[in-house]
Amino acid sequence: MSNIVDFLESFLPGFILALLVIIISAVVFPFVARRILGFMGDRLGPNRVGPQGLLQPFADFLKLFIKEDITPSQSHRLLFILAPAVALVTPMLTQVVIPFSEDYTLADLNIGLIYIVAVGAFSVLGMLIAGWASNNKYSLLGGLRSAAQMISYEIPLILTIMVVALLTGSLSLNKVVGAQGSVWFAAVQPLAFIIYAIAGVAELNRTPFDLPEAESELVSGYITEYSGMRFAFLYGLVEWGNVTVWAMAGSTLFLGGWRGPFGNSSAWLALKVIAMVLVIIWFWATFPRLQIDQLMAFAWKVLIPLSLVNLAATSLFILIWPDNFLLPTAILSWSLIAIFIAFFPSVVRKILLHNRYKFLASRRMTTMISGTGKGGIRS
Amino acid sequence: MSSTEELMGPGHPEFHLEEMVLNMGPQHPSTHGVLRLVLHLDGELVVSVEPQLGYLHRGFEKLAENRTYLQYLAMISRLDYLSGFFMEWSYVRSVEAMMRLEVPKRAEYIRVIIGELNRIISHHIAFGDFLMNLGASTPFVWAFRDREDVYDLLEMVTGQRMMYNYMRIGGVRWDLPDGFEERCRKFLKGFPSKVDEYEKLVTENEIFLSRTLGMGIIKPFEALDYGISGPNARASGVDWDLRRETGYSVYPEFDFKVPLGEHGDCFDRYKCRIEEMRESAKIIEQALDALCGGPVNLKIPPMVRPPAGDIYRAVETPRGEFGVYLVSNGGLRPWRLKLRDPTFSAISMIPKLTAGNKIADLVAIAGSLDLIMGGVDR
Chain A
1 MSNIVDFLES
11 FLPGFILALL
21 VIIISAVVFP
31 FVARRILGFM
41 GDRLGPNRVG
51 PQGLLQPFAD
61 FLKLFIKEDI
71 TPSQSHRLLF
81 ILAPAVALVT
91 PMLTQVVIPF
101 SEDYTLADLN
111 IGLIYIVAVG
121 AFSVLGMLIA
131 GWASNNKYSL
141 LGGLRSAAQM
151 ISYEIPLILT
161 IMVVALLTGS
171 LSLNKVVGAQ
181 GSVWFAAVQP
191 LAFIIYAIAG
201 VAELNRTPFD
211 LPEAESELVS
221 GYITEYSGMR
231 FAFLYGLVEW
241 GNVTVWAMAG
251 STLFLGGWRG
261 PFGNSSAWLA
271 LKVIAMVLVI
281 IWFWATFPRL
291 QIDQLMAFAW
301 KVLIPLSLVN
311 LAATSLFILI
321 WPDNFLLPTA
331 ILSWSLIAIF
341 IAFFPSVVRK
351 ILLHNRYKFL
361 ASRRMTTMIS
371 GTGKGGIRS
Chain B
1 MSSTEELMGP
11 GHPEFHLEEM
21 VLNMGPQHPS
31 THGVLRLVLH
41 LDGELVVSVE
51 PQLGYLHRGF
61 EKLAENRTYL
71 QYLAMISRLD
81 YLSGFFMEWS
91 YVRSVEAMMR
101 LEVPKRAEYI
111 RVIIGELNRI
121 ISHHIAFGDF
131 LMNLGASTPF
141 VWAFRDREDV
151 YDLLEMVTGQ
161 RMMYNYMRIG
171 GVRWDLPDGF
181 EERCRKFLKG
191 FPSKVDEYEK
201 LVTENEIFLS
211 RTLGMGIIKP
221 FEALDYGISG
231 PNARASGVDW
241 DLRRETGYSV
251 YPEFDFKVPL
261 GEHGDCFDRY
271 KCRIEEMRES
281 AKIIEQALDA
291 LCGGPVNLKI
301 PPMVRPPAGD
311 IYRAVETPRG
321 EFGVYLVSNG
331 GLRPWRLKLR
341 DPTFSAISMI
351 PKLTAGNKIA
361 DLVAIAGSLD
371 LIMGGVDR
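Order-wise, the sequence lines are chains A and B. According to the numbering used here, the first sequence holds residues 1 to 379 in order. According to the numbering used here, the second sequence holds residues 1 to 378 in order.
Treat the hints as calculated values from the structure; they're not laboratory data. Among the hints, erroneous ones may be present.
Stated by the list, open to error - Think about it this way: if two alpha-carbon atoms lie no more than 25 Å apart in a straight line, the pair counts; the simulated SDA-like pairs of lysine to any residue are:
id	chain 1	residue 1	chain 2	residue 2
1	B	K219	A	Y357
2	B	K189	A	G41
3	A	K301	B	G214
4	B	K358	B	E206
5	A	K137	B	E19
6	A	K67	A	G228
7	A	K137	B	N23
Said to hold, decoys possible - Facing chain B, according to a computed beta carbon distance under 7 Å, are these residues of chain A, among others:
id	residue
8	R34
9	S216
10	R289
11	N355
As the list claims (entries may be wrong) - Pair ranges (Cβ atoms, derived):
id	chain 1	residue 1	chain 2	residue 2	range
12	B	E199	A	K63	36 to 42 Å
13	B	D152	A	V183	53 to 59 Å
14	A	F11	B	E204	48 to 54 Å
Remember, predicted model here, so these are calculated numbers, not experimental data. Every residue, glycine too, gets a C-beta built ideally from N, C-alpha and C.
With the rest of the complex left out, here is chain B:
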């Protein structure tokens, strides 16, 4: 922890500099949920920050030990509520790997389509909230407007807008409804122009650039040290995307780019997310083209009993690597379920990034990291 004197130099002997402690959150317009930041301020200057977690603790890991494998599926999308589908996906993947199940091809394509739609929604929020934190009101509203189109698609398929509960061990719950493909293609046709619209409003704006360029730089080795993943790490130039590296599901069949930044500042993180939205749209298009017939789930016994053992499976969520470490003793319930959330790592980076900056920069950095507290407090 750095002190006022370290940052500002020794003050005048008769002029005593006093630090102000400010509790930002848990109820604050820009902490995205219930993050509490204890700020030590010297005027506008942030001397040190201490993130305090636990305001959204719901005991997700412990609850898993008291539920059967299928029951837990209904819960897990509540974890990171903006990318609920990925939570289900990583959990289902670990159970399937444990049981050595071969998921039908059509189910995998559907998973990719829904997953990438979910990624677009999540990046919409990241984009809108980041700009909201910087004080711009219109991008937020635009993002919410376009998010509505995706929600309609997801509602059509899963019957839900946020907590999908659409995954099943060995497939998905049911097939895509009639007319989904046309609507999805129609959405994809208009989508790139909407992203262009965001960029036109924001990216070249001098005020936006002056707030984000060179602000909150994460160096690549720091990103690795802190376990940061996803767009936050890729903006620093860490060329790591689980979709490509581990090639899970049917991702190897698709042609997509992994957007990389070079500086790791707020601007690169913003830009990475914008580019990822475009890439997601491309993946969905390819998945719709490749969609084959066949069953969408396997016949599995009503009581799932994975063999004893342990396994770790992760998926690339909009915020990075979300992993499930599952230990089974061959019983009806998981013996232990450990969840790894990318936002947790990102939050641990905040003190380092913000010390010595202004309050407004703290808010900008927190927004650019795309923090969702649901996954942090498990």
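Next up, chain A with everything else stripped away, as it sits in the complex:
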């Protein structure tokens, strides 16, 4: 009996904390996203319910909870019901190793980095199950897309996390934060940070990588058949929970976690999480969506080689200067970024124009639109 009480005592606070983080993010971030999307589109966004629309998320959740819970008759009932729960595993479990503040971590595993990757890979399962169990063609395509996409983008994610492990010399996330006392890893390894961010956005199925739920193609992808409570669960808790957890892991790995310019507290972590989520919302308002083969090509031809080069060079520098490797790594990473920014767009442009030319080999290649003719009848 006392075993159970002990277990609950150690288990419950963490469980409630993790759930609270997810619920708060699911309440706050969709609303913030809608408001900001509104402002970026020169609109107001939802501002009717409560002051400045602050009660809008509660109204939405209330509406979704009192809706009829529909399970499609041809779906696989058990898996259809199970999928949202399976999908919630990732955002819940990832928080276990995140250091919330200087002295509060749910469990300081010495394999924290590997744990994050392992649990993160689990998230594809929920989407795949949801897509398959719905027995809807759009859902199936969405689920398959998410599987292909997430497996591809897992690799650059792991490769950049390995860079962090190299810099720290440990796999424990507490040690990672501890190692960022003088300088954040985002300043030492900006390339790794950017690759982590891009691969993360792809893992989260957010614009411009939102193919699994591409509205204009697949209606809503794997969530198409979900309604009411389960929709709120999948869309609100799971998706925004994943976003929050990604931002938490990112700020722990690269932005110094709970460390701040003055005073160390979990408020800094929250601030960094909010900043990273705002970037995602900004992407959302700005970019069109990639095509599936371009998405794959970007992972396999750009991100993975780049992160491999970064990883190899970083480990080489650590081998050469075991004591003060930070400066050479930083120089390398910053210069790689500079090269990337300087050449990537023009190379892409060249390839695109070349392909366009290939399609139309017989015709002259220009991108100019030429205006001809004046008003009046042409004789």
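With the hints as your guide, set chain B onto chain A.
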């Protein structure tokens, strides 16, 4: 129709490739109305597409035979609801040509002004929907924001936002209201910078370019074969604009360019529309300058009876050549009215353009063709 094996080569003998049939539409976020596309998919790959029409059939051609010439005017702007003014215009032109009416000069200028404003609205939608199909949400909202300004102008003149019913046989319904000219000029002053804003957000975006360059190429002869007209054909380099070629109304007086593309891909179609918006603004400016006094419509008898005979008149709508073939037997009602809609031709091109591409490309191509189902199902 090409099969999976033709596109992918023979599969492994023990691995049977199965085609998936997906009904996209009639209710789908990106079919712009009620177009139904029957897709045969091999994974993400579109093996063949079959557009199915008829979900918006309202019997427009048959209804014309049961209405007097004036009654039908109220209906026809419902045909292609985004460019309703052009529908009225082409119908009115054919009746006027039949009756050999000389429309007052001021009425023609007003028609050009309203028509080009309507073209701008329609291209706003084309632009916004195309980008929406590509997954970008903000351009759509921006287009709708700027569309509102034009709607205010049109509402000021016609009293309606979409279904204008402003044309009359032999002129327009009433004169421009006071203050319209200033408001219109004010709008035109700010308009080019807004188009620049769209271009800044979209045109140079790498993702946008990678989705549109070389995608859905219509060759010029194909455009002619399929009867494609308007910006879709001009993006392929078919230098044909009815406003310039036939010089109807007062268009010969204006100095405007006809934007041409060279490749006929999605990007050129997008770019053509953007340039056409700028040109439309220029035409409106010139028409406002040239606006002369005088009556805005002719005195015609309440019961219009065109002489027996047949006639075809077309105007350049935002989507291409919209034509009205009118057969009259000298009675109160048209004996037969045949409507030619540009979107119909564009839809017939979809199977050829999309076979072998991905689903996402299908959506992009459909968006770039600017399909409005109202005119297709007559």
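Checked hints:
Restraint check for K219/B and Y357/A: satisfied, since their Cα atoms lie roughly 13 Å apart, inside the 25 Å limit. For a cut-off of 25 Å, the pair hint linking K189/B to G41/A stands: about 21 Å separates their Cα positions. As the CA atoms of K301/A and G214/B are separated by approximately 21 Å, the hinted pair is consistent with the 25 Å bound. For the hint pairing K358/B with E206/B, the CA-to-CA distance comes to about 19 Å; that is within 25 Å, so the pair holds.
A threshold of 25 Å between alpha carbons decides the hint, and for K137/A with E19/B the separation of about 12 Å falls inside it, so the pair holds. Distance restraint check for K67/A and G228/A: the Cα-Cα separation of roughly 5 Å lies within the 25 Å cut-off, and the hinted pair is therefore satisfied. At roughly 9 Å between alpha-carbon atoms, K137/A and N23/B fall within 25 Å of each other, so this suggested pair holds. Because the smallest distance between the Cβ of R34/A and any Cβ of chain B comes to about 11 Å, over 7 Å, the interface hint for this residue is violated.
The interface hint given for S216/A is met, as the beta carbon of that residue sits about 4 Å from the closest beta carbon of chain B, less than 7 Å. Hint status for R289/A: holds, given a least beta-carbon distance of 3 Å to chain B, under 7 Å. Taking 7 Å as the C-beta cut-off, the interface hint given for N355/A holds, the closest approach to chain B being about 5 Å. For E199/B paired with K63/A, a C-beta distance near 39 Å keeps the hint of 36 to 42 Å intact.
Checked against the given bound of 53 to 59 Å, the beta carbons of D152/B and V183/A, roughly 55 Å apart, stay inside it. A hinted range of 48 to 54 Å for the beta carbons of F11/A and E204/B is consistent with their spacing of about 53 Å.
Taken one by one, the earlier hints fail for this structure only at number 8.
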